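Same order as they appear, the protein sequences are chains A and B.
Residue numbering for the first sequence is 0 to 199, as defined by numbering that gives the first Met the number 0.
Residue numbering for the second sequence is 0 to 340, as defined by numbering that gives the first Met the number 0.
Treat the hints loosely; a few may be bogus.
As the list claims (entries may be wrong) - Computed Cβ-Cβ distance ranges for the label pairs, DEER-style:
hint: 1; chain 1: A; residue 1: Val150; chain 2: B; residue 2: Met68; range: 54 to 64 Å
hint: 2; chain 1: A; residue 1: Leu18; chain 2: B; residue 2: Pro272; range: 51 to 61 Å
hint: 3; chain 1: A; residue 1: Gly48; chain 2: B; residue 2: Leu329; range: 14 to 24 Å
hint: 4; chain 1: A; residue 1: Thr148; chain 2: B; residue 2: Tyr31; range: 18 to 28 Å
hint: 5; chain 1: B; residue 1: Leu329; chain 2: A; residue 2: Gly106; range: 30 to 40 Å
hint: 6; chain 1: B; residue 1: Lys70; chain 2: A; residue 2: Leu151; range: 47 to 57 Å
hint: 7; chain 1: B; residue 1: Val195; chain 2: A; residue 2: Ala132; range: 47 to 57 Å
hint: 8; chain 1: B; residue 1: Trp8; chain 2: A; residue 2: Gly163; range: 52 to 62 Å
What the hints assert, rightly or not - Computed, partial: chain A to chain B, Cβ under 8 Å:
hint: 9; residue: Ile54
hint: 10; residue: Ala61
hint: 11; residue: Leu69
Claimed, not checked - Here's a subset of chain B near chain A, in silico, CB distances under 10 Å, partners left out:
hint: 12; residue: Gly154
hint: 13; residue: Gly169
hint: 14; residue: Leu182
hint: 15; residue: Ala189
Read the hints as simulated data drawn from the structure, not as lab findings.
What you are looking at is a predicted structure, and each value in this text was computed from that prediction instead of being measured.
Don't be surprised by glycine CBs; every beta carbon is placed ideally from N, CA and C.
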Amino acid sequence: MGEWIAFVGLSVAALGSGLAMVLGRQPVHCAVVFLVTLLSLAGLFLLLGAEFIGILQIVIYAGAILVLFLFVIMLLHAHSGEGPRVKLRAQPVLAGLLALGLLLGLGTALLSAASLGRPHPGPPPEGFGTAKAVGTTLFARFLLPFEVTSVLLLLGVIGAVVLGRREAPEKPPRERAAGTARAEAKAHAKGKEKKEVVPR
Amino acid sequence: MTETQTPTWAFGLITLGKGLAVLVGLLTAAAYLTWLERRLLARFQLRLGPNRVGPFGLLQPLADGLKLMMKETFLPQEADRAVFLIAPALSMLAALLAFAVIPFGPPLELWGVKLFQLADPDVGVLFVLAVSSLGVYGVILGGWASASKYSLLGGLRSSAQMISYELAVGLAIVGVILLSGTLRLSEIVAQQAEGVWNVFLQPLGFLLFVIGGIAETNRAPFDLPEAEHELVGGFHTEYAGMRFASFFVAEYGHMVVMASVATTLFLGGWDGPFVEQAPLLGLLWFALKVFAFMFLFIWLRATLPRVRYDQLMSLGWKVLIPLALLNLTLTAAGVAALGAS
Chain A
0 MGEWIAFVGL SVAALGSGLA MVLGRQPVHC AVVFLVTLLS LAGLFLLLGA EFIGILQIVI
60 YAGAILVLFL FVIMLLHAHS GEGPRVKLRA QPVLAGLLAL GLLLGLGTAL LSAASLGRPH
120 PGPPPEGFGT AKAVGTTLFA RFLLPFEVTS VLLLLGVIGA VVLGRREAPE KPPRERAAGT
180 ARAEAKAHAK GKEKKEVVPR
Chain B
0 MTETQTPTWA FGLITLGKGL AVLVGLLTAA AYLTWLERRL LARFQLRLGP NRVGPFGLLQ
60 PLADGLKLMM KETFLPQEAD RAVFLIAPAL SMLAALLAFA VIPFGPPLEL WGVKLFQLAD
120 PDVGVLFVLA VSSLGVYGVI LGGWASASKY SLLGGLRSSA QMISYELAVG LAIVGVILLS
180 GTLRLSEIVA QQAEGVWNVF LQPLGFLLFV IGGIAETNRA PFDLPEAEHE LVGGFHTEYA
240 GMRFASFFVA EYGHMVVMAS VATTLFLGGW DGPFVEQAPL LGLLWFALKV FAFMFLFIWL
300 RATLPRVRYD QLMSLGWKVL IPLALLNLTL TAAGVAALGA S
């Protein structure tokens with residue numbers, strides 16, 4: 000009973016906040032309701048007994064990716080937080096078509112599974128979704144893809160460093176990305192000093 | 000009295016009771032930390048500190064609370080109302096929630112329910128990391144919603160700081176996980192109680208965790224979010240009254256939680272002399288260790304000047320993270336060579 004109440008509550012929260020995110024006009028508000036979506040999804044994972052995945056959902060999506068979204072929104076539209084002025088006219092139509100296709104695909108999959116009378120897959124094996132199970136799978140069965148992904152991520156990091164370095168080779172990219180007024184002012188002051196020193 | 004099945008009402012009642020006790024305890028600790036901080040800072044600076052309200056100024060937090068409650072609550076004209084109101088609550092939630100998995104006493108049970116730990120999930124360590132990664136939201140949203148340059152800059156700056164140091168903290172924790180081979184906090188403490196405290200096996204990891212923890216709780220010398228001479232008050236410049244107080248309490252609550260996590264992971268949690276004879280002593284040992292961390296936090300604030308922003312970032316990325324990686328490699332090699340404990 001308690002599980003059922005939690006499931007319904009979390010599902011309603013996830014769907015409702017997802018809808019609010021799509022329909023919202025204010026990017027920061029959208030990000031905040033999206034946080035609710037992510038947290039309710041994490042709750043659903045926990046209900047399924049997949050503790051590890053539920054917690055990772057929070058660590059990675061809520062703790063890292065959404066924060067990055069917020070950074071971008073705030074730095075691009077710092078004060079108003081409004082969206083771009085240019086409206087993509089084809090976007091609603093395309094999005095609608097895509098959503099319809101997805102819905103159809105899901106619907107047929109569900110219906111065919113129901114009509115074929117396939118037995119219920121039954122509960123997952125003991126320990127499914129725990130940290131140990133995920134770790135063992137990752138490092139035993141999927142070792143190669145895992146390592147390849149890590150190389151991909153490393154490439155991404157190097158790429159970011161290279162792109163960030165282009166403007167100011169003497170400064171580490173992290174500082175520039177954070178863009179503090181102080182670092183900027185310091186660079187400015189240094190430039191001035193040089194200019195003043197040279198004529199003397 | 001030998002029932003194996005805990006009645007639901009008993010489970011609910013005990014859980015509710017300890018939840019309330021922990022919440023009240025944490026908030027009281029946060030309030031009295033402000034008193035302790037002012038008194039100790041005064042000592043460090045050869046002053047007396049607040050000593051007028053009650054004996055030794057012990058009623059000062061109450062007076063402060065009353066004053067803050069009677070202040071005008073103020074909403075900047077351009078502020079984003081909803082987000083402005085949510086931000087302090089988010090801060091508070093993220094600061095206090097992590098304590099839910101901390102075992103703050105020996106595993107005594109009443110009707111099969113653990114008395115001194117709210118919940119003991121398999122992934123306790125990850126839960127702590129997850130909750131602390133949510134702490135950024137209060138700061139960044141509060142800074143943005145205030146519609147003020149200083150707040151926005153302070154918010155962005157401190158979220159960059161928190162994200163950067165989270166990495167070092169996480170990597171430092173991985174060393175402990177490697178040693179103990181479990182993510183369950185109660186087991187980590189039990190292993191330390193039987194064997195050696197992790198601080199002796201992971202001295203570098205402990206140091207990294209403490210430095211990272213100070214930076215994550217935005218304490219001096221890493222208190223850049225509220226660098227007065229640059230940012231007025233940082234992300235909470237526009238907040239007043241109880242909303243400001245929520246941020247303030249959240250910061251102190253976060254300190255207590257951070258110290259509790261450090262105690263649990265590195266200092267053996269509730270372990271101490273005579274715990275086996277008198278298990279309730281464990282509560283005292285735990286509180287003492289947390290208090291020692293608090294004293295360290297305040298001592299550091301009185302001693303060290305604030306670092307510059309570029310120093311902060313290069314310390315985090317160029318010193319702490321490489322050292323944490325080194326620590327991780329050494330620990331992994333050691334565990335592989337000697338076998339996990």
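Inset, instruction - Check each numbered hint against the structure and report the violated ones by number, ascending. - result: Those not satisfied are hints 3, 4, 5, 7, 15.
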